[in-house]
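Using the hints provided, position chain B with the ligand relative to the given structure of chain A.
If you want the building blocks of each chain, they are given just below.
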Amino acid sequence: MIAYLLETPVGMLITDQNGLIQNYFLTTALLDEQLLLVLHYDESVYQIPAFVQFINQINVSKYNLVTETKDMANLLESKYEGTIKIAPFDRKFQDLRINLSKILANINIPSSVEELTIISRKNAKLFSRDRIRESGQSSDVHIINAVGVLENTTKFINSYAIQLREWYGSHFPELTDKLVNDIELYAKIVNLYQKRDTIEALNLVNDLHIKEEYAKEIEYQAEHSMGGDLTESQLDAIRIFSKTILNLIDFQKQLENSVNTILQELTPNLYTLIGAQLTGKLITHAGSLEHLAKIPSSTIQVLGAEKALFRALRKKTDSPKHGIIYTWPPIRSAKYWQRGKISRLLSGKISICAKVDFFNGEFIGKKLLDELEAKIKDIEERFPEPPKHERKKKPKDYSSKKKKEIARKKAYHMSKSKYKSGIKKSESN
Amino acid sequence: MILNNARNIYINYTSTVLYLGASSGTTVSHISDITTKTIYAVEFAPRSMRELIQNCNDRNNVIPILADANYPEQYAKFIFEEIDVVYVDIAQPNLTEIAILNCKKYLKDGGLLILAIKAKSIDVALPIQTIFNAEIQKIENKGFEILEKISLSPYSRDHLMIIARFYLKPT
Ligand SMILES: C[S@@+](CC[C@H](N)C(=O)[O-])C[C@H]1O[C@@H](n2cnc3c(N)ncnc32)[C@H](O)[C@@H]1O
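For the record, the sequence lines run as chains A and B. Under the working numbering, read the first sequence as residues 1 to 429, first letter to last. Under the working numbering, read the second sequence as residues 1001 to 1171, first letter to last.
Isolated chain A (complex conformation) (with noise of 0.2 Å):
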C-alpha cells in the first residue's frame, strides 16, 4: 500500500492517500535536544524510544513510503524494511497539509492553527538558531587554522628579516635597524635599488612616501657606507629575498583582514572588547568558541599560560596572573601590582562576551568595553604606589634556567651569527 510519510511541527505522520493517520510519531513532548535530532535527521534519533517503537510500527506494514525530503529517505534507509520514494514536488503533500488540522483531529491532538503556530514557530527557532550555532562553528576551524598560520608567518617573517637585515649588512651595513626600523620599509628599499650608490633621497620621497629629511640622512648613510662591494647576482638573490618578505607581508595582511571580518561577523562583542588578534588567540587555546563560552572566567585568565600554571602547582609558588591576555595593550602597559586585578576584570567580560557571542545574543560589547576601562581608571587611582610588603622571590628555578641554557645554545648554532638585529620576539610568555 501507498503511503505518505509527512512531516509536520508536531511530528510525522503516516497516512493513506485519503489523509488517514495509520501510524504516528508525535515531537511535542520531546526535549529541546531530542526534537533537534529530528529536526536535522540526525542517526541518533534512534536512541528516541518511540521513535523506535515508530519505525518498528511501519516495518510491520512495510508500505510504499513516499517522503519529501531526501534527508528523510537517507534516514529510514538502514532501518526501514518497505521501498522509500522521494518525491519532494508531489503536490499530495501540500494537500495534505492544509488539512492537518482536521486529519490530526482524528487523533486527539492539539491541532487549532493557533497551536500549530505556537508549535511551528518554536520549532522553526530552535532549528534556526542551532543552524546558526553550527555554521559558526565551522567558522571557528577556519579561524583556529587561520590564527596558527598567522602566528608562524609571523614567525617567518620575524626571523627573515634578521637573515635579510644580516645579508645585506654585508652591503649596506649602515643600514641599521636604528635607522629604518620596520622591515617593510627596509625590504622595499633592498627590493628597489639593491646597489647602495642608486639609492637617491628624491627616489625614495617618491616611491616609499617617507619624510626627506628622512631619506637624506638614509641617502647620507649610503654615500659614506663602509660596507664590501657585491656582485650583480649576488645582489639580485638578496634582491629575490627581499620579495619573498614583500609577498609574505602582504599574504600577512590579507589573512588578517579575512579573520578581522569573520571575527566581526562570529564574535561581534568579543571581537569590539578585545579586538581580533586577541580574539583569535583565546578561540584557538580554548579549541573552540563553544569552549570559550563554557569554561569559568579564572580559566580564561590563565589560558595559555598553562605551563607556567603547572609549574606553580607543582612548585607551590604564586599561580600566574595572566596568559594570552597579557597582549591585552592595557595589562600589558598597567603597573605590576595592577595588572593581577586588571586581569581579572578583563577575563570576568571576555567570559560574558563569549557566552553572548556563542549564545547568539544581543550586542553589549561596547558596553562592558566602557565599564572596563572605568574600573580600569579606577584601580589606577586607588592603588597608584605599589604594595608596601616586598614582592615574593621566586624559587631559583634551576631545570628551567639550564633549558633556557641548552635553548640559547641551539639558537646560536642554528643561526651561526652573532648578529642579531633588534627585532622584536614573535612571542612573549
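Take every hint as true, because none was put in to throw you off.
Here are some chain A residues pointing at chain B (derived, C-beta under 7 Å): (1) Glu7; (2) Pro9; (3) Thr69; (4) Pro88; (5) Phe89; (6) Gln94; (7) Ile98; (8) Leu100; (9) Leu116; (10) Thr117; (11) Ser120; (12) Arg121; (13) Ser128; (14) Arg131; (15) Ile132; (16) Ser135.
The set of hints was computed from the structure by calculation and includes no laboratory data. The beta-carbon is built from N, C-alpha and C at its ideal position, and this holds for glycine as well.
Only chain B with the ligand this time, still in chain A's reference frame:
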C-alpha cells in the same frame, strides 16, 4: 511607497505568506502588520537570520526558517496550511527558477507570486529590459498570469516587481 501600496493591494489580513529572502526582516515586519495569518520567513544567511529572529521576537505570526530556498522541501516540516502568497526577494541569478519551484510545491491554485527582480544581480552585462523580459517569459511559460509589472523608475530602474497569478495544472 509604491511598493508599500502594492503590498497593501495584494496582501491582506487573511493572507498566508511564504517569504523567501527575508534578510533581517524589514519587509517581513511590514507584512506582519498587514496580515493576521502566518508568514513563513525563509533566509539562508546565518547572520541575517540572527537579526531576523531578534527583530521578530514579538511577532507571533512570523516563523523564521534558516534554509536554502533552492530546496523548498527542507522547510515542509514547518508549514501546516495553505499558502496564498509566495513573495520572493532573493538577489540571486536564479531567483525566478527558485520562485517557480516554491510555487509549484506550496502555492494554492489561484495564489499570487510577488517577485522582486533586481536586474544587476541576474546579469550585469545585459540591458535591463532584456533581463526583465527574459524573467517574465520564464514565468509565463510556466502558466502564470502576469497581473502587474511595477517599475520603480525613475528612482531605481534596476528593480522590477512582478505580480503574477499561479494556476495548478490539473494532474
Ligand atoms: C535583497 S535581500 C532581501 C531584503 C528583504 N527582502 C527586505 O526587504 O528586508 C536578499 C536576501 O536573500 C537571501 N538569499 C539569497 N539566496 C537565498 C536562498 N537561496 N535561500 C534563502 N535566502 C536567500 C540573502 O541572504 C539576502 O538576505
